[in-house]
Amino acid sequence: MRPGFHDPVPEAQGCFRAMLDAMSRPGRVHTLDVALDAPPPLAPATAAVLLTLADAETSLHLMPDGAAAGDWVRFHCGSAPASLPEASFVLSLGIHPPLSALRQGSEEAPEQGATLICQVRSLTEGEGWRLAGPGIRDFHHLRVEGLAADFLQQWAAQRPAFPRGVDIILCAGRQLAALPRTVTIEEG
Numbered sequence: 001m002r003p004g005f006h007d008p009v010p011e012a013q014g015c016f017r018a019m020l021d022a023m024s025r026p027g028r029v030h031t032l033d034v035a036l037d038a039p040p041p042l043a044p045a046t047a048a049v050l051l052t053l054a055d056a057e058t059s060l061h062l063m064p065d066g067a068a069a070g071d072w073v074r075f076h077c078g079s080a081p082a083s084l085p086e087a088s089f090v091l092s093l094g095i096h097p098p099l100s101a102l103r104q105g106s107e108e109a110p111e112q113g114a115t116l117i118c119q120v121r122s123l124t125e126g127e128g129w130r131l132a133g134p135g136i137r138d139f140h141h142l143r144v145e146g147l148a149a150d151f152l153q154q155w156a157a158q159r160p161a162f163p164r165g166v167d168i169i170l171c172a173g174r175q176l177a178a179l180p181r182t183v184t185i186e187e188g
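Heads up: the sequence shown begins at 1 in the UniProt record's numbering, then just goes up one per residue.
Calculated directly from the structure, the hints in this document are not laboratory data.
Possibly wrong hints are sitting among the right ones.
To be verified - Computed Cβ-Cβ distance ranges for the label pairs, DEER-style:
{"#": "1", "residue 1": "Glu127", "residue 2": "Asp71", "range": "32 to 40 Å"}
{"#": "2", "residue 1": "Gly78", "residue 2": "Glu186", "range": "38 to 46 Å"}
{"#": "3", "residue 1": "Phe16", "residue 2": "Pro134", "range": "18 to 26 Å"}
Beta carbons: idealized from backbone N, C-alpha and C, even for Gly.
Sequences and hints are given; from them, build the entire structure.
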């Protein structure tokens, strides 16, 4: 079994700070400084996000493309396995589930919507989608390679249900960016 964080406390704290900043400033790409030897096909950022957020008190659904890393994830995180519509966190490494299939939260408890941890091919600021909303002055551009062709339509379809919805953490290599449900996304 490959190890998790080499120095767990500072690495988990650093990853948590990066995720918090990413959620506060949607579309900003953060590079994690972690020494992780995660099992393929997990990218270092994906593994770090899992090690930081998932634990014995959270439920996790592994999409079929994440099953190869399942033993490592279960050993290090201890999360209870859950069905797709019931999971707090959903790990997707390339075959991304429809957003409508994930837990959306309720009007009374929108924070219970799922977080999709989505591994993609690349994240680039300054081009691509145009993001607007809380945490963004005017607008911000982010290019994401590796999501479904209909992702923007799925994202727009969840907007009318706000404050219910799904938050997304995008991971590529050692980089991460976030798309909280508060952000609007348009083609660049």
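Open item on the list: Tell me if the beta carbons of Gly78 and Glu186 are separated by a distance inside 38 to 46 Å.
Closed with: Because 39 Å falls inside the window, the suggested range holds.
Open item on the list: The hint says 32 to 40 Å between Glu127 and Asp71; measuring C-beta to C-beta, is that right?
Closed with: holds (38 Å)
- [ ] Confirm or reject the claim that Phe16 and Pro134 have a C-beta distance inside 18 to 26 Å.
- [x] Since the Cβ atoms of Phe16 and Pro134 sit about 20 Å apart, the hinted range of 18 to 26 Å holds.
In summary, the structure agrees with every hint in the numbered list given earlier.
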